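Colleague: Top line first, the protein sequences correspond to chains Y and F.
Here the first sequence is numbered in the working numbering, starting from 1 and rising by one per residue.
Here the second sequence is numbered in the working numbering, starting from 1 and rising by one per residue.
No wet-lab data here; the hints were simulated from the structure.
In this text the structure is predicted, and so the values were computed from the model without any measurement.
From the three backbone atoms N, C-alpha and C, an ideal C-beta is built for every residue, glycine too.
There could be a bad hint or two in this list.
To be verified - From the derived model, a few chain Y residues whose C-beta atoms are all more than 12 Å from chain F: (1) ARG92; (2) LYS118; (3) LEU121; (4) LEU219; (5) VAL299; (6) LEU322; (7) ASN441; (8) TRP494.
Stated by the list, open to error - Partial list, derived from the structure: chain Y residues whose beta carbon lies under 10 Å from chain F: (9) PHE332; (10) LEU335; (11) LEU337; (12) SER347.
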Amino acid sequence: MLSLGSGGGKTAKPSFVSYVSPEEIKKENVNDELKPHLLPGELVICEANTVVKYSREDSLQRGFYGKLVCTNFKISFLSAEQLLDEVDQSYRNKLMGENDISLHCVDQIFGVYDDKKKPLLPGAVKNKIPEKLLLYCKDFRVFHFGLTYTKEEDAKRLIRVIVHHCLNPTSLKCLFAFSYVGAAGGLKVGPLGIEGEPPTIMFETKNDWRDELDRTGGLLTYRIISSNENYKISTRLPQFFAASVSDDDIKKYKGKGIPLWCWSHPSGCALLKMAAFPETVDDNSSQMDKGWIDRQLQVLGETHPLNHTIKTEILSATLPTLQEIQASYSRFKQLFLPDNAAEFWESDVKWLSVLENANWLEIIRQCLKKALDIVECLEHSTSVVLVEENCSDLCCLIASLVQVIIDPHFRTISGFQSLIQKEWVMGCHCFLDRCNLLRNNDKEVSVFLLFLECVWQLLQQYPPAFEFTETYLTILSDSMYIPIFSTFLFNSPWQRDNNQMLDEDRRMRSRSLKLPSVWEWSVQFENSVQALFYNPLYIGKPKLDRFRRTQRIKPQRQMSLPSSPSYHSRPSPKKGFFREETDHLIKTFLGKKISRWTPTAEDHSVNNRLFYENWRSKPIDLHGLLLPLHDGPALKIWGQRYLRWIPEVQIPGGGLTTTLNKAWEIIDEIKTLQTKVSQCLLKRQPSSPNTDVFTPFHQSSRLSSTFPFGTLRRQSIKPRIPVSTNLSMSFGSMENLPDDEEDLGLL
Amino acid sequence: MSDRLVGVRLLMGEKVKGEARNVRKCSFNKQLCESIAGKLLCTNFRVAFVAVETGTPQVAEEGSLLLGADDVALSCIDRVVAVNNSRTKILTAASNLKFQPQTLLIYCKDFRLLHFQFEPDSRACEIIPLIAQSCQPASPRKLFLFQYSVEVSNDLDHRQLNSNFDGELYPTRMFETQLDWEMELARTGASGWRVSLVNERFEASASLSKILVVPRKILDLDIKRACAHFNEGRIPRWIWHHRGSDLLRMSNFQSNTYAQRDGLSKLEELLYGAQSKLVIVDVEDELPTPPEIQLAHSRLKNVCSYENCSSVRDPDDKWLSALEGTRWLEAVRLCLKKASEVSSLLSNQCLTVALQETDDRDLACLISSLVQVMLDPYWRTMLGFQSLVQKEWVEAGHRFSDRFNHHWTTDKDESPVFLLFLDCVWQLLDHYPVSFEFTDTYLMAIHDSTHILLFRTFLFNCPRERAYIQQTLATDRRTRSNLFSNGWPRTRSTVRGEQVVLKAGFFTREESSCPLPPVWDWSLQFPTKHQRLFRNALYSDTQLLAQNGTSVHSNTEQADAPSLRSVHLLSKGLLLVPAQLLPWKGASVAKKLSRLSQSLESLLEMEQPQRIPLPPFLDPVGLPFPPIPAPGLRLWKSCYLRWLSAGVQRKARDGQIAALASQIQSLERRLRGEADGRNAAPNGLDRQGNQIPHRPNAPIPACLSETATMETSFSTSVSKGRAIAADL
C-alpha cells in the first residue's frame, strides 16, 4: 500500500484469485441459487454470471465471483462467497444491500479498455466489451466489476442495460417509486419519524402552520392563508402558508412578490422569504412590480406590533450562483473518487491546495456567513425578507440554516425533519430537478446537500447541541438517491399531490396510494440502526419546552445583545428606501464581479464582528443562539460522507466513533447504576440482571472511524513494505504479486 | 517587595528589574482594539502586565502557577519589536533605541503576540531595551533558572525529607539509573541484552547517557573499541523490544576508520543483537531535515500569527493553500508514515531494526518514540509518555538547548524537532481518542514548558552537560560561595567539543543532590484542578492489560543461528539489500558476496511471515497505527491558533463525557455509601459536596459491587450528566 508503483489498474492479466475458480462455477452452476432480494414491484431486467467484483481493500488485485443483476430499481452484485461481517450486519438498509446500487445513485460509468478508462455514455456504447466496468456512485462508492470471464452476449447486454437505465433520461412516471407503491398495494404508513419521538410535522394542514406560528409567537402578526387550497392560485406554493397579506393580493400576482412567513424570532421580528418578479423588458410593468413590492414591505412594517425595521436580502447578489455551486461540487467530489490506492496516495501530497481549488469549503463558508448576517439582523429586531428569483433554492438554504442557528427546537431530530418539511418540501424546492432524477435537464444543483454540509459544520463545532449525529445526516443525504420517498421526488407539493392522485389505479383513488416519506425511517432501517441517529452527547432541554412560549413573549431578554446604534439610526423603510438601496448595490456588485463576495459595507462588517465577538465572550448556551465559526481553519471536510469508502483513510479502532462509543458505554453504566440504586431503594429486591441495556455499538476495537459505513479492511492493516532484491530497480512487486496472492488465496 | 505592591506573584528569587506605568495593552485579535491600562513589569524571569483594576494577584484555579494570563516568560520571547509612527525596529540585546517608540510588540515562541502602547513619555519606554536585553541573556549563567533553583532546592529538600521514598521523587522513570533500564528490559521481555556502565564517565561517548544496553555477548572493552567507528561514538544500542523484535539506535558509521577483522565481527554482533535479521532504517531518508523543520515551523508561525489574522478570516486569502505552503503538515505526515513503516516491521517478525541517523540526536529520537507510542500502550499513559521522553530524548542526548536556541547563541541549529514530535502524537491522539491516557491539554502543557527554562528536562544538550551543571550547582550550593563565579558556563563550549575528556572523578558524586526539578513535577507549574484536565476521560486501561500477555516472546533460537543472517535497508518504503553493510575497510570481498547471496535466500523467508494474513479484526493494541493520509491530518488548532480563537468545541465534548463519568462516580459512591453505613443518614451532600437526592437508604446486593470498581477520575458538575441520563 505504501508504494504500489503504477498501481493495480495496470495488471492486464487478471491477477485476482477467487475462492472458486471459473471452471468450478460452470460445473456446479452455483449461481442459480443466487436470487436478488427484490422489493415489491421490482423486476429483473438482465443479469450476467461470473462477474468479478474487485475489492478496493485488496488493492483491486483480488475479488469475488458473482452475478451482476440489473433491475428497474438497482444494480445488485450477488456472490455466494462473500460473507458479511458482523459489523456489516449491524448496519443494514432494508432496501439496499452492501453491494446494491440504486440506479439513481450511479454518477458516472466507465469502461476499462486495454488499461484505458473511457466513459460509457448512452448512445455511444461500443461493441467491444470492456475488461472492467467502473461504477462511480453519488454516495462515493466506486465499484470495479471485471467482465473478462463473462459470456460475451451477457456482458454486452448488461452494459447496454446499465448505461441505458442509469444515464438515459426518463420520465417521472417511470420512476421506481410508482411501481413500488403500486405493487405494495398502498404502503402501510407507519408513524412518521422514529418511534417514541415527537412526530415530524409535515406542514400539510392548516393546524401544522398554526401550531408553528403559535410556538414561535408569530400568531400576532401573521395569519394562515388558505386561498391556495387545491392549488387554485399557484402550483408553486403549498396549499397553506403563513403571511401577512390579504388573499386578494396573493391572487393578483399568483404568489409572487409576497413575503412568506418562515419563522418568528422571540423578539417579534420575523424571517420571511419572497419570490422576486421575473425580469421584464417592459418598464411600466417593472415599475409596477417595484411599487407592489414596496407596498408589501410597507404593509409588513406596519403590521408589526413593535414597528420593527425591515431589511431585504437579495441572495443572488451576495451568494454564489447555482451554477457555481454545482461546478464546485463536481470538482470537489472527484477528490473522493480515487481509482486505486496509488492514485490516492498521489493526491495526498497536494491535498490541501486541491481541496482549496475545488472551492466547495469556500461556498459553505459563504453560506454560513450569510446566515450569520441574517441572524444578526434578527437578533437586533430587524425583520429580514430573503429574496430570490423563485424562492426555492438559496432561500430555503439560508432560511433553514438561520433557524437551526437560532432555534434549538430545530436541532432535535423531529424539529429538524419538520424544518425540512417546512422550508424545503413546502417551500417548493425542486428536488426532482436539483437531484436530476430524470436525467433530462442540466438543472442539477446540490443545494440540499449544501444545506446538510452547513448543518454538519455546525454539528461538528457544537456536538452537544444537536440531538442527531453525523450518521443521521449522512444517511439522510444518501436517501436522496433512493427514488422511493415522496420527500425528495417532486418539484413541489402540487406535483406530488397531482401524481399521487393520478396513479395508475385511478379507480382506487380512495385508497390514496401514498409514497412513503423519508421520515418513515422504519422503511429503511431497523430500530437498532435508527439508534445510531441519536447523539449520546446531546444535552436535552430540561423539559421546559412547554413553557417556552410564555417565556418568549417577553422579547429580547434571554438572547438579546447590546444592539448596535447603527441599526436604529437607519431610516425606516417606509418609502421603499431599502429596495432602492439594494438595487443600487446589486448594480455595483454586478459591475465588479470580483467584489461580489465581499461584505456589503465596511461598517456592517465591523458590526458583524462586534456582534460575533460579543456572543463569543459569553459562555455558550447550547439551547440558545449557536453562531457557527466560519473562518478557514474552522471548516472541515465531512469525512464520514466523503471519505467513508476509501480504505486508506479509515482509522481502525479510532476516530470520533470511539468517542461516541465511550459515551454510550458510560450512559449504559449510569443506567445500570441508576437501576441498582433504585432497586436498593425498593427494599432489597433481588436484582434482576440488567439485560435490556441497549448498546448500538459493538466492541469499539472492531469499529473503524467510518462506522457504520465502509467495511473494515479485511486485509492486514499494516502498511505493506515490498522487498526489492535489486538496488537500482525498485520495482513495485508487480511480478511477485500474483504468486503471492495465489498463496494467500489458498491459505 | 511584596506581591501586593508589585501586582504579580513573584517566584522565589525573582526580582523586578524595571517597571513602566501608563501602558496600555491592546487585544487586537478581536480587531476591536480594546486596550487596558496598566503597568508593564520586567523581572529576571518574565515580562508581566498588571492591569490597573486588578490590584492584587489571585491564586489561579486553572492555568499556570508560574505565569499569569498576561505574563510571558523571558525565555519564551522570540522577538521584541519597537514601532514608531514611521519606524519599526527589531531589538536585540546590543541594539539601542534611537527613536521614541509608541508601540511595543513582543512575539512569543508559542505564537502569541503581545501588543503594548505607550504614552508619549520617555521614561516608560526605558523598559523596552531592558526587555530586549533580559530576554537574551549575555551568558547562560544569567538565566533565572539558576537563581530560582538555588532557592527552590531548599524547598525540594524539604519535600524530599517529608516523602518516604528515597531518591525517587518522581514516579516517572527518568532512565538515569541502571535500575530503570533493567526494568525496561524486564517489562518488554527482551532477552540477550545487558545493561552496561561503560559510559559511566562519558568516556565512550560524550553525548550518550551513562547507561547503555548492549548485547550480552559483547564485552565492555569491545564496546569501547566500537565507539570509534560511529559518529560521536554513538554505537548501536538497545532501545526497546516488541514481539520478538528489537529496536536499536545508532549514528552513522565513521567510514574512514580502519577496523580489525575480529573487531568487525564484534561490530556485527553489536548490530545484529539478539536476532539474525537486521533492517537498517535510515531515518533521514524521506524525512525533512532539522533546518527544513525549522523553516516549516516559522512559516506556520507566520500563518498562525496575528498579522495574518486577516488571512484566516478573509475569503480572498487562501487559508488552505497557505497552510499547505508551510509544509508543516507535510513534515508531520512524513514522520507518521515513516514511523508506521518501522512499526509494521517491528510487529511482524523477529528482527532487529536499527534506526540510523548522522548524529542520532534528532529524527531518530522522533521516529523511535513515535514507533513506541504507536505500538506499546504503556507509552500512551501519562507516566509512560514522560518516561518515553526521558528515554528517547533527554537521555539519548537530543540537543534541546541548541534546538530551542535557549541561549541565543546561534540561529543555525534551531529546529523544533521536539515540537514536531508533539504534533505527531497529537495527530494520533486526535485519531484514537480513547487510546491515550492524556489529553491535548497535557501535550500543550509540555509544548509550553519547553519555553519555560525552569526545568532540567528541556535545558541541556546531553546528559553529560546536565550532570556537569548540576554538579556545579550542587557544589555552589554546598559551599554557598559566590554563585557561578566564572566557573562552569564556559564548559558549554567544551562540552560541544566532544574530544575533551574531563578529569576523572568529576562525575562520581551523586546526582541526586541536583537542585533542578524536571518538568514532570507538574505541581510546580499547575494547580491540581488544571492537572485534572490532563487526564483523558475516554481512556480505559484495558488495553494496557491486554498488552502484557502478548509482548513476551522468547526467541533464543534465532539468536543461535548466525548462519542465516540477513540485512536489509529500509528506503523509500522498500526493503533493499545493501551492496555493502559496513563501510569499513577490512571487510573482505568474499564475505560481502556471501552475505549478498545469503540475504537473497533469507529474503524469501523474510517475506514469509508477512504473508500470513492477519485475522480481520485484531485488537488495535498491538497493531501499528496505519499511516495517516493527508485528508486525515489536521492542524493542531487548540495549540497553534489558541490566541486567535478560543477552542470551545472540543472542550464541550470532553466536558460532556467528564460530566457523565462524574455522575457514575457519584452513583457509585452512593451505592457504596449505602452498602457501608446503612444507618448513616445522608445529609443530601456526598463527600465532594455534590448534591445527591435524598432517598431512604437500603442495603446493596453483594453481586453489584464489581461495577463499582470502575476507575474514574473526573471532575466538573454532575447536573449535566444527569440531564442526559434522564433523557435517554
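Colleague: Of the hints given before, which are not true for this structure?
Modeller: The structure conflicts with hints 9, 11, although it agrees with all the remaining ones.
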